[in-house]
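Novice: Spelled out, the chains give:
There are 2 protein chains.
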Amino acid sequence: MDNDAKKTALRGISYGLYVIGTKTEGGINAFTANWVTQTSFAPPLVAIGAKKGTASANEIHNQGVFSVSVLESGQKDLAFAFFKPVSVEGDKLGGYEYATHTTGCPVFTDALSWFECKVVHEYDGGDHVVYLGEVIDAGIHREGKPMTLAETGLFYGG
Amino acid sequence: MDNDAKKTALRGISYGLYVIGTKTEGGINAFTANWVTQTSFAPPLVAIGAKKGTASANEIHNQGVFSVSVLESGQKDLAFAFFKPVSVEGDKLGGYEYATHTTGCPVFTDALSWFECKVVHEYDGGDHVVYLGEVIDAGIHREGKPMTLAETGLFYGG
Chain A
1 MDNDAKKTAL RGISYGLYVI GTKTEGGINA FTANWVTQTS FAPPLVAIGA KKGTASANEI
61 HNQGVFSVSV LESGQKDLAF AFFKPVSVEG DKLGGYEYAT HTTGCPVFTD ALSWFECKVV
121 HEYDGGDHVV YLGEVIDAGI HREGKPMTLA ETGLFYGG
Chain B
1 MDNDAKKTAL RGISYGLYVI GTKTEGGINA FTANWVTQTS FAPPLVAIGA KKGTASANEI
61 HNQGVFSVSV LESGQKDLAF AFFKPVSVEG DKLGGYEYAT HTTGCPVFTD ALSWFECKVV
121 HEYDGGDHVV YLGEVIDAGI HREGKPMTLA ETGLFYGG
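Note that the protein sequences, when read in sequence, are chains A and B. Residue 1 is where the first sequence starts when you use my numbering, and the numbers rise one by one after that. Residue 1 is where the second sequence starts when you use my numbering, and the numbers rise one by one after that.
If you are wondering where the hints come from, they were derived from the structure by calculation, not from laboratory data. Just so we're clear, the structure is a prediction, and the values are computed from it rather than from any experiment. You may find that some hints are simply not true.
The list treats identical chains as interchangeable, and a pair is accepted whether it falls inside one copy or across any two copies.
To be verified - 35 angstroms max Cα-Cα, derived DSBU-like pairs, lysine-lysine:
#: 1; residue 1: LYS118; residue 2: LYS7
#: 2; residue 1: LYS6; residue 2: LYS92
#: 3; residue 1: LYS6; residue 2: LYS145
#: 4; residue 1: LYS92; residue 2: LYS7
Build out the structure end to end from the sequences listed, making use of the hints.
Specialist: Here it is as C-alpha cells:
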C-alpha cells in the first residue's frame, strides 16, 4: 500500500467537530473529537473514536456513558479549548458553561445541540477505542450551521 | 427523550458522501453512504454503516471486504446513481467506469480517491450493521474538495 495515498484518501473523509463529555469517578471531563457518526436509526446508535489509554477513553469505558455537544460553525474557541486537559472552575469546565442531564456527562450551553449515549458496544483493536452508544437523551439550544473540521484547517485522519 | 430534539441533534453530525463498493459471489455491487469515519491510525481502521438485510450489507458480511470512493464536491450524479440497485454493463457499474485493485471491490475512476478495507469486526445491534475495516490499499486520482452531504440538501441521520 502507498502510505501517502492512504493518508490523502483517508483525509478525504468529511467530519464535523464535537466536544465529547465524560463522567469520571466523582467528576466530569471533556475532549474534542471528529470521529463521530450515526450508525443506526432504531435504536439510535452513534459511534465515536477515543484515543486508547487516555483519561477520556478510560472514563467512557468505566462509566459506560458519554455526551456529544454539536458545535456551531465559527466556534473554534470552544473546540480548541478541549484539545488539552481541562478542569472545572465554578459552573464552568475548561472555561465554558455546561449543564448535565440524564447521564451526568457535561453538555455545553454554547453548543447548538447535544445528545447523550449509553455505551452498548466497544472495539479496541486500534490505537483508538470505538464506542458505540445508544442515544438516550438529546436537546436543542438553537438553530445554526454545524461546525466542520474542514473550516478549522486541521486534519485528524490519514 | 424528546424525539424531535434527538432527530435535530443527530442531524447536526457532519458527513461526506461516498460510494461503497462490494464484491459478490462472482460479481460486484455498490451503494452510496454517508455513515463513514476513520477510527484508528495504526492500524488504519474505518467504520461504515450499511442497512441491515440489504444485498450490500450481506455482501460485506460474506466477502469480508469493501471499498470507499471519495467523491468530489459537485458529483451529485455519481452519488445519486448508487442510491438504487445497479448493474454492470461493459466496463461500467451503474453507468460509471470503475476499476478493481486488491480486494476486487469496485472503485470509481471519476472519484477523487479510494481506499479498500478488509473487515476486522462487525456489530449488528441496530438497523444498520457497523463494519470496521482495516485499510489495505488506497489510491488518488486527483486533488479536489470532497463532497459533503450538506451540499446535497439531503439528510441521512436523525
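Novice: Are any of the numbered hints broken by this structure? If so, which, sorted upward?
Specialist: none
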